[in-house]
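Undergrad: Residue numbers (the working numbering), protein chains in the order written: chain A, 3 to 303; chain B, 9 to 296.
All clues stand as given, with none of them false.
If the Cβ cut is set under 8 Å, some of the chain B residues that face chain A in the computed set are:
1) THR77
2) LYS78
3) ASP273
4) SER275
5) PHE277
6) TYR280
7) SER281
Below are the EDC-like pairs computed for lysine to aspartate or glutamate, each with C-alpha atoms no more than 20 Å apart in a straight line:
8) A/LYS163 x A/ASP219
9) B/LYS288 x A/GLU75
10) A/LYS66 x B/ASP273
Read the hints as simulated data drawn from the structure, not as lab findings.
No experiment lies behind these values; they were computed from the predicted model shown.
We treat Cβ as the ideally placed atom computed from N, Cα and C, and that holds for glycine.
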Amino acid sequence: MAHTQVSSNKCAGGFQKVFEHESTELKCKMKFAVYLPPKAETDKCPVMYWLSGLTCTEQNFITKAGSQVAAAEHGIIIVAPDTSPRGCNIEGEDESWDFGTGAGFYVDATQDPWKTNYRMYSYITEELPKLINANFPTDPDKMSISGHSMGGHGALICALKNPGKYKAVSAFAPICNPVQCPWGQKAFSGYLGPDRTAWEAYDATVLASAYSGPPLDILIDQGRDDQFLSASQLLPDNLIAVCSEKRIPVVFRLQPVGSFSLPLTLPGSFKHVCSPINTTVACWVKPVVELGLFKLKGESF
Amino acid sequence: SRSLSKMAHTQVSSNKCAGGFQKVFEHESTELKCKMKFAVYLPPKAETDKCPVMYWLSGLTCTEQNFITKAGSQVAAAEHGIIIVAPDTSPRGCNIEGEDESWDFGTGAGFYVDATQDPWKTNYRMYSYITEELPKLINANFPTDPDKMSISGHSMGGHGALICALKNPGKYKAVSAFAPICNPVQCPWGQKAFSGYLGPDRTAWEAYDATVLASAYSGPPLDILIDQGRDDQFLSASQLLPDNLIAVCSEKRIPVVFRLQPGYDHSFFFIYSFLSDHVKHHAKFLNA
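Construct all of the structure, not just a fragment, from the sequences and the given hints.
TA: This is how it looks when you write it as structure tokens:
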């Protein structure tokens, strides 16, 4: 579990660091970012894992999302890994921006030529937490997970596939039902082959329909003007419908006049009261918002 | 027609952010004689009311993109109802020989002066661009309160903010800076830039030096806020020289709040960490 520091910048009273290590799951050198809040100098801290979306590295989130002030305030370590193995020289890995390099989709690939290196699911859920807990002042029982787009998909499936492992889960514009959208179909057929039951093991909507673990409180922010929402890549309705049925609390906030890019997702937006809900989706959003609010208030349902 | 207007501009991008809009525009600059981009953050308040404007000047190598993506400015701007204008750092695409040779001179390194030397003097007029042309364009096209302007910046942009405020008493209601180049006539960066843009005459240089300008300042009270990382490699390389400015301001009784921040470097992580303090400082005077 050796790792070397690549950079360290003081930020919001703590330290934004980047490390590099040889990953045993991915069989390549990988970078990951760690934000250490001031509290980490004296106490163990909980850890939030942030999974980035297509084309990102470990840099995008830590420079553009304004995460550090909130992490410092709440005493949370934020770990932000890369989005795929790097430098493996696999034929075809750089052909698309939505498959291969920068597009690991947080699965363990079973198909050649991807299966040796493209094991982001195991990397995120097993290898990285072990490394983090062994080397940083963490409370290993206090983990949570979040992410954007492909990373939102990653956060949701990691939480749903590991009941009780993550104390909280949230997502920004997640790919909710990859087996039904072009992005997911392309990635899953490439990484997992033609068998759709293999795909379903990594689909948040399918996983939610079979979920029977400790209570999960899901927070999802989605830009209403998101071009990928209108292109039917994200499909939040499908996930919300299943969560309603299964009584999995979801607070889903459709953010009006928003677009897809990172500046939408500044943590400050969480300080705002739940946005006005678009009336055309109120019929199905409202019940889950209320479900979510029941849960937030600690009431049973 | 719009194409004949000196103040025509076209929108390059618009993203909703922190309840307002982060926009980027492009226009033909008459001072710089080239196409220039500039970023404008419009807070929610701008939908219904005129807002004060804070100008942000970036440092060496930056464009209009760095600040708006990395500094986390929008939440504070939204909270205080302030429009933030972030221009580019030099003329672009002028095909001047030598303009891309250095990262600290020429492209991305306009130093907020009006050049007098060839081959720079036609295009490298960032001082007039920032203090005259851009505010006219902004006030003509956005819901601004033209009397409520302030200025801030980082490094070379910190130098820019300080000299714009000191050279225009009363024009800016607030000024602040992050790791500014305080005394360019005395540091390698400044000496290189000024000899190139302004020639060998040091009196010409002094007209753009915050420390020299402060020693001759006699305008309305200025409240200067400066944040400086103590672990800033350029501080130890004697490029920034804040002590010289502080000494002069003490003498002239120009209020300066100078905060040396232990552990912080020259990066955007440093700017991000303290930007909301600066916006709050500006808001105190802009919203008064």
